[in-house]
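**Q** First to last, the sequence lines map onto chains P and G. Each residue of the first sequence is one higher than the one before, counting from 3 in the numbering used here. Each residue of the second sequence is one higher than the one before, counting from 3 in the numbering used here.
Rather than coming from a laboratory, the hints here were simulated on the basis of the structure. Any given hint might turn out to be false.
Unchecked claim - List of simulated lysine to aspartate or glutamate pairs, EDC-like, C-alpha gap at most 20 angstroms:
{"id": "1", "chain 1": "G", "residue 1": "Lys31", "chain 2": "P", "residue 2": "Asp113"}
{"id": "2", "chain 1": "P", "residue 1": "Lys19", "chain 2": "P", "residue 2": "Asp206"}
{"id": "3", "chain 1": "G", "residue 1": "Lys31", "chain 2": "G", "residue 2": "Asp90"}
{"id": "4", "chain 1": "G", "residue 1": "Lys167", "chain 2": "G", "residue 2": "Asp34"}
{"id": "5", "chain 1": "G", "residue 1": "Lys31", "chain 2": "G", "residue 2": "Asp217"}
{"id": "6", "chain 1": "G", "residue 1": "Lys108", "chain 2": "G", "residue 2": "Glu236"}
{"id": "7", "chain 1": "G", "residue 1": "Lys167", "chain 2": "P", "residue 2": "Asp113"}
{"id": "8", "chain 1": "G", "residue 1": "Lys167", "chain 2": "P", "residue 2": "Glu99"}
{"id": "9", "chain 1": "G", "residue 1": "Lys167", "chain 2": "P", "residue 2": "Glu94"}
{"id": "10", "chain 1": "G", "residue 1": "Lys167", "chain 2": "P", "residue 2": "Glu133"}
{"id": "11", "chain 1": "P", "residue 1": "Lys19", "chain 2": "P", "residue 2": "Glu61"}
{"id": "12", "chain 1": "G", "residue 1": "Lys167", "chain 2": "G", "residue 2": "Asp118"}
{"id": "13", "chain 1": "G", "residue 1": "Lys108", "chain 2": "G", "residue 2": "Asp118"}
{"id": "14", "chain 1": "G", "residue 1": "Lys31", "chain 2": "P", "residue 2": "Glu215"}
Unchecked claim - According to the in silico footprint, chain G covers these stretches of chain P (three or more CB under 8 angstroms from chain G):
{"id": "15", "segment": "64 to 78"}
{"id": "16", "segment": "119 to 133"}
Claimed, not checked - Derived DEER-like restraints, expressed as beta-carbon distance ranges:
{"id": "17", "chain 1": "G", "residue 1": "Val105", "chain 2": "P", "residue 2": "Pro126", "range": "54 to 62 angstroms"}
{"id": "18", "chain 1": "G", "residue 1": "Ala150", "chain 2": "P", "residue 2": "Arg109", "range": "51 to 59 angstroms"}
{"id": "19", "chain 1": "G", "residue 1": "Gly102", "chain 2": "P", "residue 2": "Ser140", "range": "24 to 32 angstroms"}
It should be emphasised that the depicted structure is a prediction, and the values quoted were computed from it without experimental measurement. Glycine residues also receive a C-beta, built at the ideal position from the N, C-alpha and C atoms.
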Amino acid sequence: MTMLSIRNLEAGYGSLKVLRGLSLEVPRGRVVALLGGNGAGKTTTMNAIAGLLPAAGGEIRFEDRELRGLPSHRVFARGIALVAQGRALFAEMTVRENLELGALAARSRPDIVALTEDVFRRFPRLRERVEQRAASLSGGEQQMLATGRALMSRPSLLLLDEPTTGLAPIIVSELGRIIRELNAGGLTILLVEQNVRMALQVADEVYVMRNGEIVLHGAAAELQNSDEMFSSYLG
Amino acid sequence: MNLVTLLVAGLANGSLYALVALGLVLIYKTHDLVNFAHGEILMAGGFIGFTAYQTMHLPYPVAFLLAIALGGLLGAVIELVAFRRVADQHHITLAMVTVGLSVFMKGIARVPFGTDIYTFPPAFSADRITLGSAVIAPQHLLTIGIAALLTLLLFLFFRYTTLGKQMRATQQNITGARLVGINTGRVFSSTWSLAAALGAGAGVLAAPLSLLYPDMGTNFLLKGFAAAVLGGFESVPGAIIGGFLVGIIEMLFGGYVSTAFQQVSAFFIIIVILFIRPNGLFGRRAVARV
Ligand SMILES: Nc1ncnc2c1ncn2[C@@H]1O[C@H](COP(=O)(O)OP(=O)(O)OP(=O)(O)O)[C@@H](O)[C@H]1O
Ligand SMILES: [Mg+2]
């Protein structure tokens, strides 16, 4: 069953049209990867879903209700959490405060202590850094904190925008494992990546976009051995 | 002049500058904007308190709370009417909006109050307290006490309430704030309310010490601005300590050096301090915006 369904989405910045009729579907319980080169429009797509960027046209249906036009806090309230490219942490706040803020506006009154404990179980390094300022964390730790903060609202759909950018290979594979674990726990995930290998390992389905349009869609398993095709699309 | 007398008077003025500086810093941290109409919010608070206390004969605490409440409302209205639609414009544009607002509010105040100067009696007519050779005005103590209480409440608000935490989060990273489901429009509105409520409260406290007239805000804006700059413009404790310093410096200067230059003495000291520490006493980074 489809959880998120995007049809003919149009979005851009002023007179610059980035998305010209993008369509994709995220089935419930799956990990879907959205791949594409620099400037393809991946972040634009994610921000339009999350309500950070108003979409000019098309439909964004989530659990059979329209999202397009809702402000970001209303999208969040429906159970969608975005981990943005660049992470957007509260730099001067501690790890604990960042996590707490992830839960404060959540749908149901959250048990912050239990949720924080849950995040620490998944990301043990964060526990060691709990009273440190977010700005003082390493890149990998910041990505874990941004992901942990998003999990604090118990979302039903998690949007991850290039979580592996700039991370060491060992952290990339750790993150891949965590994404699979989260998915095994019932979370639906839309993952934007440029790291094709990692994305093919964790995703069930893959979309490839270029110049604001989907140019390829298939099951990850079928695309495992099509490196050449990817390099021609991702350029 | 007696040192203790000067220090207490300096602290009283300084607490008012600190309250003004706090309002400026809150708006700056949220919008990267200096609110040049903040002095007029203080003036409005002074006249609201005056009307409630002198004209309507309400008890002083009621007049004070009324000024704070209406000041908060005024802040929310300003945000809604003057800022919400232009919030993504260049910050120079926004600064000009606040300058226009300042002129507008002074104009409005002249309609009922003319260009007269009003005196606001002190909250209670207790005698001056003498401590040895020091003479202390009860109004000064009241001002210091209430300002300290407001500052404490503000600190608790930011530290322990959901809205306070969400306001801090929005100041630090507005995208991050949207990602964690914060209604940033509501945060903007609340920030303006809070800053204006503090300004209006400062106005009621200021009125008996200065005088009450539509242009009274300018001097307080300048001193509050100086206090904020001294504190680094991004720091709440910095704004408070900056306010105390400006108030004390100008009193000591007036008492021991010359009253002719009393009003500008604080600015002189600030120039010297900023020469040594360009980011203010508590600033982390340079203040780059108007
Ligand atoms: N805030 C903005 N204002 C104007 N143009 C923008 C803005 N953000 C992105 N763009 C432009 O929109 C296009 C798509 O950008 P987008 O960020 O969606 O790409 P992306 O696929 O996420 O790329 P990357 O992999 O580099 O993150 C690019 O041409 C980019 O220059
Ligand atoms: Mg991107």
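**Q** Indicate, hint by hint, whether the structure satisfies it.
**A** Outcome of the hint check:
1. A hinted pair counts as satisfied when its Cα atoms are at most 20 angstroms apart, and Lys31(G) with Asp113(P) does not qualify at roughly 30 angstroms.
2. Distance check on the hinted pair: Lys19(P) and Asp206(P) sit about 30 angstroms apart at the alpha-carbon level, beyond 20 angstroms; violated.
3. Among the hinted pairs, Lys31(G) with Asp90(G) is consistent with the structure: their alpha-carbon atoms are about 15 angstroms apart, no more than 20 angstroms.
4. Distance check on the hinted pair: Lys167(G) and Asp34(G) sit about 19 angstroms apart at the alpha-carbon level, within 20 angstroms; holds.
5. For the hint pairing Lys31(G) with Asp217(G), the CA-to-CA distance comes to about 26 angstroms; that exceeds 20 angstroms, so the pair is violated.
6. Between Lys108(G) and Glu236(G), the direct Cα distance comes to roughly 28 angstroms. Violation of the 20 angstroms bound is thereby established for this hinted pair.
7. About 17 angstroms separates the Cα atoms of Lys167(G) and Asp113(P), which keeps this hinted pair within 20 angstroms; it holds.
8. For the suggested pair Lys167(G) and Glu99(P), the alpha carbons sit about 9 angstroms apart, so the restraint of at most 20 angstroms is met.
9. Only pairs whose Cα atoms come within 20 angstroms are accepted, and Lys167(G) paired with Glu94(P) is accepted, the gap being roughly 12 angstroms.
10. Our distance criterion of 20 angstroms between C-alpha atoms is met by Lys167(G) and Glu133(P), whose separation comes to about 16 angstroms.
11. Proposed proximity of Lys19(P) and Glu61(P) is supported: the alpha carbons are some 16 angstroms apart, at most 20 angstroms.
12. Taking the CA atoms of Lys167(G) and Asp118(G), the gap is near 43 angstroms; set against the 20 angstroms cutoff, the hint is violated.
13. Of the pairs offered as hints, the one joining Lys108(G) and Asp118(G) holds, with about 13 angstroms between alpha carbons and a cut-off of 20 angstroms not exceeded.
14. Taking the CA atoms of Lys31(G) and Glu215(P), the gap is near 39 angstroms; set against the 20 angstroms cutoff, the hint is violated.
15. A count of 4 residues in the segment 64 to 78 of chain P with a Cβ less than 8 angstroms from any Cβ of chain G is obtained; the coverage claim is therefore met, three being the minimum.
16. Chain G is given as covering the segment 119 to 133 of chain P, and this is violated because 0 residues of the stretch bring a CB closer than 8 angstroms to a CB of that chain, at least three being needed.
17. Taking the beta carbon of each, Val105(G) and Pro126(P) are about 58 angstroms apart, inside 54 to 62 angstroms as hinted.
18. Between Ala150(G) and Arg109(P), the C-beta spacing of about 40 angstroms breaks the proposed range 51 to 59 angstroms.
19. Against the hinted window of 24 to 32 angstroms, the Cβ-Cβ separation of Gly102(G) and Ser140(P) comes to about 47 angstroms, which falls outside the hint.
In summary, the numbered hints that this structure violates are 1, 2, 5, 6, 12, 14, 16, 18 and 19.
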